[in-house]
Every structure is written in structure tokens, then in C-alpha cells.
Amino acid sequence: MADILILKMGSAMPSLARRRGDFEDYTSTGLGLPIEACTVVTPYLGETLPDPSRYSGIVLTGSDSMVTDQLDWSVTTRDWLITALSCNTRILGICYGHQLLAEALGGSIGWNPNGLEVGTISVRLTPEGRQLPLFSGLPDILRVQCYHSQSVLQLPEGTRILCENDHDAVQGFAWKDRAWGVQFHPEFDADIMRAYLLADRDELRDKGLNPESLLDECHESHHGPALLANFYRLACT
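Quick note on our numbering: the sequence shown kicks off at 1 and runs consecutively.
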């Protein structure tokens with residue numbers, strides 16, 4: 001069994017957390033592990049970041065913060081990631097974690113010019129993505145859940161785009177053979193996604209989106225959990 005560190009970069013909304021657990025629970029479930037088998041550290045609450053070389057795999061969760069705010073805990077985590085990237089540790093960044101990983105590698109983050117992307121979406125694997133074990137057993141078009149307004153606007157040098165769609169050109173990237181970021185939420189299922197759509201429906205309308213249509217188009221998919229299971233297998237090797 002691989003030693004997995006989950007860096008909890010934010011929390012689920014309280015009503016959802018009471019019913020379904022929090023980000024670390026969704027993540028460990030997708031990895032195929034009980035939460036007790038993972039180490040969970042919460043940087044945004046000021047918890048000390050451990051020695052990354054102790055872990056076979058590190059997952060950075062999403063957050064309702066923005067990378068561009070350059071919050072102290074986020075900058076500290078970004079700098080810690082630079083050390084983690086020098087270890088023989090597999091790293092997966094999700095949404096906020098994806099963006100922070102890209103920034104640690106020298107990329108730039110900002111508001112997506114296409115605006116908010118939310119709900120069940122489709123992303124296309126690139127030829128590079130189709131060759132990687134992270135997407136083993138998955139089709140060329142993935143159905144996944146997402147919720148983000150910021151994106152990786154400029155990729156770091158030495159990285160490759162793994163998946164994309166018309167809304168966001170960097171839905172996923174890889175650095176060498178041990179660090180990956182995905183803009184979407186592979187740990188979310190349709191129930192979690194619907195909870196956010198219902199809770200934020202007034203805000204979504206204010207931004208010109210139709211929450212009823214988004215709810216109708218929200219569907220379950222095994223693609224996210226399959227990606228997380230693939231990551232765990234990579235961390236075990």
C-alpha cells in the first residue's frame with residue numbers, strides 16, 4: 001500500500017460536508033482507500049506541511065480560494081511543492097491544486113476569459129494524454145464534474161497538455177512522469193455536483209447561466225474515480 005498525503009486546500013460547503021463528508025473523503029474514496037489509510041494535512045488552517053519524501057503519492061484538493069490572491073498559506077504550499085517535485089513522489093493537483101502545481105512549475109494563473117465552467121462537462125484527451133497510464137482504460141472523451149473560474153493561462157516549460165475542451169485549453173497537464181494536474185474534479189460524483197448547483201443557483205443566474213439546464217445535464221460518470229484509481233496505482237509503483 002502506498003503512503004498517500006492529501007493536502008486539503010479548502011472545504012466542502014457545510015450542508016454537504018455533514019451529509020457526504022469533506023474533500024478528503026471524496027478523494028480517498030476515489031483512490032479506493034479508507035480515509036484512515038491517508039494522511040490529511042490542511043494548509044489553509046495553518047497546519048505544518050510534512051516532508052514530502054515520506055509519501056508515495058500527494059493529492060492537492062480544490063478550494064474556494066483563488067490562486068491569484070496569493071494567500072500566505074497558498075504561497076507556502078506552492079514553495080513546498082517545489083521541494084516535493086524534486087522527490088520521487090507522484091503528485092496530482094485537482095482544480096485549485098492543479099493551478100497551484102502549475103504555478104510552482106513556473107506557469108501563470110488567471111481568470112478564464114470564457115468565464116465560469118460548472119457542471120458535468122466533456123474533455124478531450126490529447127494524443128499525449130491517450131498514451132499516459134493516468135488515463136488507462138478511459139475513452140478519448142471524458143465526462144467529469146467541474147466548478148472553476150480561474151485556469152492555467154500559460155503552461156510551465158517542460159509540461160504537456162493531456163486534455164482540453166472549448167472552454168479551457170488546459171484541462172490537464174503532465175510534468176515529467178510524476179506530476180499531473182486536472183482542472184476538473186475527479187473526486188466529485190453527480191450528487192455532489194448537484195448539491196453545488198442547487199446551493200449556488202442564484203449566483204449562477206446572476207452570471208448568465210441556467211442552473212436548471214445545468215442540473216438536467218448533470219450525470220454520473222465513472223471516469224473521475226477511474227483516473228484517481230490510476231493515480232493510486234502509479235503511486236504504488
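Source of the hints: derived by calculation from the structure; they are not laboratory data.
This structure is a prediction, so every number in the text was calculated from the model and none was measured.
Heads up, a few of these hints could be off.
Straight-line C-alpha distance at most 20 Å; calculated EDC-like pairs for lysine to aspartate or glutamate [as the list claims (entries may be wrong)]: (1) LYS176 <-> ASP200; (2) LYS176 <-> ASP64; (3) LYS207 <-> ASP79; (4) LYS207 <-> ASP51; (5) LYS176 <-> ASP166; (6) LYS207 <-> ASP166.
Simulated DEER-style distance windows between Cβ atoms [unchecked claim]: (7) GLU157 <-> ASP51: 23 to 33 Å; (8) GLY208 <-> LYS176: 21 to 31 Å; (9) MET13 <-> TRP111: 33 to 43 Å; (10) GLU128 <-> HIS219: 24 to 34 Å; (11) ILE141 <-> SER213: 33 to 43 Å; (12) ARG205 <-> ASP177: 36 to 46 Å; (13) GLU217 <-> ASN88: 33 to 43 Å; (14) GLU47 <-> ARG124: 19 to 29 Å; (15) GLU47 <-> GLN70: 30 to 40 Å; (16) PRO156 <-> ASN114: 14 to 24 Å; (17) ARG19 <-> ASP140: 29 to 39 Å; (18) ASP3 <-> SER122: 30 to 40 Å; (19) ILE141 <-> ASP51: 16 to 26 Å; (20) LEU198 <-> ASP72: 15 to 25 Å.
Don't be surprised by glycine CBs; every beta carbon is placed ideally from N, CA and C.
Hints versus structure:
1. Taking the CA atoms of LYS176 and ASP200, the gap is about 38 Å. The hint is violated against a cut of 20 Å.
2. At most 20 Å may separate the alpha-carbon atoms for a hinted pair to count; LYS176 and ASP64 exceed this at roughly 28 Å.
3. Of the supplied pair hints, the one linking LYS207 and ASP79 is violated, its CA atoms being roughly 34 Å apart against a limit of 20 Å.
4. Restraint check: the Cα-Cα separation between LYS207 and ASP51 comes to about 42 Å, which exceeds 20 Å; the hinted pair is violated.
5. This hinted pair does not check out: LYS176 and ASP166 have alpha carbons roughly 25 Å apart, beyond 20 Å.
6. The suggested pairing of LYS207 with ASP166 holds, with an alpha-carbon distance near 19 Å, which does not exceed 20 Å.
7. Restraint check, GLU157 to ASP51: a C-beta distance of roughly 27 Å satisfies the suggested window 23 to 33 Å.
8. Here the CB-CB span from GLY208 to LYS176 is close to 40 Å, at odds with the stated 21 to 31 Å.
9. Range check, MET13 to TRP111: Cβ separation about 22 Å, and the 33 to 43 Å hint is violated.
10. In this structure the hint that GLU128 and HIS219 lie 24 to 34 Å apart at CB holds, the actual value being about 27 Å.
11. About 20 Å separates the C-beta atoms of ILE141 and SER213, a value inconsistent with the hinted range of 33 to 43 Å.
12. Restraint check, ARG205 to ASP177: a C-beta distance of roughly 44 Å satisfies the suggested window 36 to 46 Å.
13. Taking the beta carbon of each, GLU217 and ASN88 are about 41 Å apart, inside 33 to 43 Å as hinted.
14. Range check, GLU47 to ARG124: Cβ separation about 37 Å, and the 19 to 29 Å hint is violated.
15. At about 19 Å, the beta-carbon gap between GLU47 and GLN70 misses the expected band of 30 to 40 Å.
16. The given range of 14 to 24 Å is respected by PRO156 and ASN114, whose C-beta atoms sit roughly 21 Å from each other.
17. A beta carbon spacing of about 34 Å between ARG19 and ASP140 agrees with the range 29 to 39 Å that was offered as a hint.
18. For the pair ASP3 and SER122, the beta carbons lie near 34 Å from each other, so the given range of 30 to 40 Å is met.
19. Separated by about 39 Å at the C-beta atoms, ILE141 and ASP51 break the suggested range of 16 to 26 Å.
20. The given range of 15 to 25 Å is broken by LEU198 and ASP72, whose C-beta atoms sit roughly 33 Å from each other.
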